[in-house]
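Residue numbers (my numbering), protein chains in the order written: chain A, 1 to 83; chain B, 84 to 166; chain C, 167 to 314; chain D, 315 to 462.
Any given hint could turn out to be false.
Within a straight-line C-alpha distance of at most 25 Å, the following computed PhoX-like cross-link-like pairs (lysine-lysine) qualify [what the hints assert, rightly or not]:
| hint | chain 1 | residue 1 | chain 2 | residue 2 |
| --- | --- | --- | --- | --- |
| 1 | B | Lys101 | B | Lys134 |
| 2 | A | Lys51 | C | Lys291 |
| 3 | D | Lys401 | D | Lys439 |
| 4 | C | Lys253 | C | Lys291 |
| 5 | A | Lys51 | A | Lys18 |
| 6 | D | Lys439 | B | Lys101 |
| 7 | A | Lys69 | A | Lys18 |
| 8 | C | Lys291 | A | Lys18 |
| 9 | B | Lys134 | D | Lys439 |
| 10 | B | Lys152 | B | Lys101 |
Since the hints were derived computationally from the structure, they do not count as laboratory data.
Below are the chains, spelled out letter by letter.
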Amino acid sequence: MLNILYFARLRETFAMEKESLNVPATATVAGLLIELRARGGVWADALGVDKRWRVAVNQNMAEIDTPLKSGDEVAIFPPVTGG
Amino acid sequence: MLNILYFARLRETFAMEKESLNVPATATVAGLLIELRARGGVWADALGVDKRWRVAVNQNMAEIDTPLKSGDEVAIFPPVTGG
Amino acid sequence: MSTIRVQTADFNIEDELALVRSNPSVGAVTSFIGLVRDINDGSGVTSLTLEHYPAMTERALANIVHEAETRWRILHTTVIHRVGELKPTDQIVLVLTASAHRGDAFAACEFMMDYLKTQAPFWKKEQTPSGSHWVDARGSDDAAAERW
Amino acid sequence: MSTIRVQTADFNIEDELALVRSNPSVGAVTSFIGLVRDINDGSGVTSLTLEHYPAMTERALANIVHEAETRWRILHTTVIHRVGELKPTDQIVLVLTASAHRGDAFAACEFMMDYLKTQAPFWKKEQTPSGSHWVDARGSDDAAAERW
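Just chain A, same shape as in the assembly (with noise of 0.2 Å):
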């Protein structure tokens, strides 16, 4: 299972501060991502490929092709607007 945790507009948007999923067939950051759009509405339109967000896997930064096993925490943001 992976931890997935949302912050920010995602939060709000996505009504959820986190949930558990299983691992995604890719292993991957973009095959979870895969699976969320999939849901259709807000999911499909807050994480289009033409929206600004970020990952992080087990906090660190992550790219989309960085790889997820069971036990990870992987964090969905905006882009950060903290200092």
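Fit chains B, C and D to the supplied structure of chain A, relying on the hints for placement.
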């Protein structure tokens, strides 16, 4: 007349804080330096072209060809080391 | 040596400077403070809420400090970032770098701010008279981080 | 708006920051503080005497502030330089710049320090256990000023 001021290491080397001199014939910083070097000794040495010094005319950094006129305040000092 | 804190409380730059100044090898201290502005993108801001991702924040800040200390000769680094609700003129972030000479302190401080702006998981939500909205990331911040 | 002071007394960065922070358009404050080090070029420093050329100093600092305000979008600039006798860990100089966004504040602050180092008529004399000597200007300071 020119009002000449010396600062820092040059003030100590010349054992002089200030003096009044006639405007040199060339009426430039270069002409004044030639006259001062002509005094020989520490003057020729400390103001040599191989040494580092700076000149300000009327409280603005000057160049070797900056013109001089009667009443000008001319300060001669080492490269600055503040900050 | 470095200090990293994420806190709701305010901070005082004089206190942070005092810690660094006690080392007589320090000749140069550069600092940056980010403040809440009352206007952003044309709308009046009455308050600002800073959300973060606690499990990742300290790690991200530690990575930024480590990267700066690898690239420049730094004697001390301080990073303090506030979270929670803030008002215009409130302090948001302090990055302070101490070194023997100023070139290292300036470069490391600006580098850390540029990286913090794109790598540290903080998000701002502004409250205005017409409602609240999440602040959009600025493309200029990505460009600033890519300089290094 | 700018503050320029040449003084024997110490200064407090929190006080100077407070003046600048009261303007809610300020989003970014960059500052630099120069400190007396206990070692310079290998010899122990017990104290430092700063001489200056009073008639020229304020003019030179005002020129530097003016140049920075011409080049960057700056809301406030503070320059404080101490003169007289100082000890290791004492503060020598503060340059503080405030702007809406950080790029202007960083660039203006570093520019002002680089120019101050080559254009403002201050000279340091160090006292060491083996006697006193005037500090030599560093070629790297000329190079830093020429970048701008």
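We went through each hint and held it up to the structure:
A threshold of 25 Å between alpha carbons decides the hint, and for Lys101 of chain B with Lys134 of chain B the separation of about 21 Å falls inside it, so the pair holds. For a cut-off of 25 Å, the pair hint linking Lys51 of chain A to Lys291 of chain C stands: about 19 Å separates their Cα positions. For the hint pairing Lys401 of chain D with Lys439 of chain D, the CA-to-CA distance comes to about 12 Å; that is within 25 Å, so the pair holds. Restraint check for Lys253 of chain C and Lys291 of chain C: satisfied, since their Cα atoms lie roughly 12 Å apart, inside the 25 Å limit.
Distance restraint check for Lys51 of chain A and Lys18 of chain A: the Cα-Cα separation of roughly 21 Å lies within the 25 Å cut-off, and the hinted pair is therefore satisfied. With a CA separation close to 20 Å, the supplied pair Lys439 of chain D and Lys101 of chain B stays within the 25 Å bound. As the CA atoms of Lys69 of chain A and Lys18 of chain A are separated by approximately 17 Å, the hinted pair is consistent with the 25 Å bound. For a cut-off of 25 Å, the pair hint linking Lys291 of chain C to Lys18 of chain A stands: about 20 Å separates their Cα positions.
For the proposed pair Lys134 of chain B and Lys439 of chain D, the alpha carbon gap of about 19 Å is at most 25 Å, so the pair holds. Taking the CA atoms of Lys152 of chain B and Lys101 of chain B, the gap is about 17 Å. The hint holds against a cut of 25 Å.
Violation of the numbered hints given earlier is absent; every hint is satisfied by the structure.
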